[in-house]
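Please build the complete structure, drawing on both the sequences and the hints.
Protein chains: 2
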Amino acid sequence: MTSNLFEKLPDDKTKEHFEDLITANNVRIERIVSYGQKSSEDFWYDQSEHEWVIVLAGNGTVEFNNGQKYTLEQGDHLTIPAHTKHRVSHTSTEQATIWLAVFYSD
Amino acid sequence: MTSNLFEKLPDDKTKEHFEDLITANNVRIERIVSYGQKSSEDFWYDQSEHEWVIVLAGNGTVEFNNGQKYTLEQGDHLTIPAHTKHRVSHTSTEQATIWLAVFYSD
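Quick note, the sequences are listed as chains A and B, same order.
When we follow the numbering used here, the leftmost residue of the first sequence carries the number 1, and every step to the right adds one.
When we follow the numbering used here, the leftmost residue of the second sequence carries the number 1001, and every step to the right adds one.
In case anyone wonders, no lab produced these hints; they're calculated from the structure.
Every residue, glycine too, gets a C-beta built ideally from N, C-alpha and C.
Hints may be right or wrong, so weigh each one.
[As the list claims (entries may be wrong)] The calculated BS3-like cross-link candidates involving lysine-lysine, where the alpha carbons are at most 30 angstroms apart (straight line), are:
1) A:LYS8 x B:LYS1069
2) B:LYS1085 x B:LYS1038
3) A:LYS85 x A:LYS38
4) B:LYS1013 x B:LYS1085
5) A:LYS69 x A:LYS13
6) B:LYS1015 x A:LYS69
[To be verified] According to the in silico footprint, chain A covers these stretches of chain B (three or more CB under 8 angstroms from chain A):
7) 1009-1021
8) 1045-1056
9) 1065-1072
10) 1075-1083
11) 1092-1105
Take a look at the structure:
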């Protein structure tokens, strides 16, 4: 009945892995595992839901289209309001970066 | 714009500390810091919302009123459906236990 967020990391390090932990009507909780991946240069996420995200291992940089950049280390969390364009400009190439993201609407 | 979940731990170790990180209509994200506290013997949480909870430091035991007990170590997560009576029967007395809880409705 319990699972561990740091275990069963995906083997394939050539891509990023997204796994839903909870899907309900109003909330989705997702584990993201990155192995050095970043968004394409011209790619911006433009999400209809708010996102609260925390880095629990590794590190990753979130860039907003107003130029602001935040590098999240273990424990750092950030809220990304809906339709706030952003991309991931860097993730650690030395270790797995484990993100926990909660998507929710108003 | 970022905060760190593992920093600014409360000084007062004689009680448990609850801090809302996100409050929206349909979701609430909370950090709980326990210093060995546990629920009273005859106390059961009976919540109107579902709860997804993960332990990110220390350890804690969640007991359900059907007798099941789960000790959560770092990274372990558990879903507690609404109105599933439960209590915290133990938290670490050796270090702070940091819980991250997401409360949501259907």
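Hint check:
Straight-line distance between C-alpha atoms of LYS8 of chain A and LYS1069 of chain B comes to about 23 angstroms, which keeps the hinted pair within the 30 angstroms bound. Among the hinted pairs, LYS1085 of chain B with LYS1038 of chain B is consistent with the structure: their alpha-carbon atoms are about 15 angstroms apart, no more than 30 angstroms. The straight-line distance between the Cα atoms of LYS85 of chain A and LYS38 of chain A is roughly 15 angstroms, inside the 30 angstroms bound, and the hint therefore holds. In summary, the hint linking LYS1013 of chain B to LYS1085 of chain B is supported, as the alpha carbons are separated by about 26 angstroms, within the 30 angstroms threshold.
At roughly 25 angstroms between alpha-carbon atoms, LYS69 of chain A and LYS13 of chain A fall within 30 angstroms of each other, so this suggested pair holds. The hinted pair formed by LYS1015 of chain B and LYS69 of chain A fails the criterion: a straight-line CA distance of about 37 angstroms is larger than 30 angstroms. With 1 residues carrying a beta carbon less than 8 angstroms from a beta carbon of chain A, the segment 1009-1021 of chain B misses the three-residue requirement, and the given coverage is violated. Counting residues of the segment 1045-1056 of chain B whose beta carbon lies closer than 8 angstroms to any beta carbon of chain A gives 4, which meets the minimum of three for the stated coverage.
Look at the segment 1065-1072 of chain B against chain A: 3 of its residues bring a Cβ nearer than 8 angstroms to a Cβ of that chain, three or more, so the hint holds. Using a Cβ-Cβ cut-off of 8 angstroms, 5 residues of the segment 1075-1083 of chain B lie near chain A, which meets the minimum of three, so the contact claim holds. Coverage of the segment 1092-1105 of chain B by chain A holds in this model, with 4 residues showing a Cβ closer than 8 angstroms to a Cβ of that chain against a need of three.
This entry does not satisfy hints 6 and 7, going by the numbered hints stated previously.
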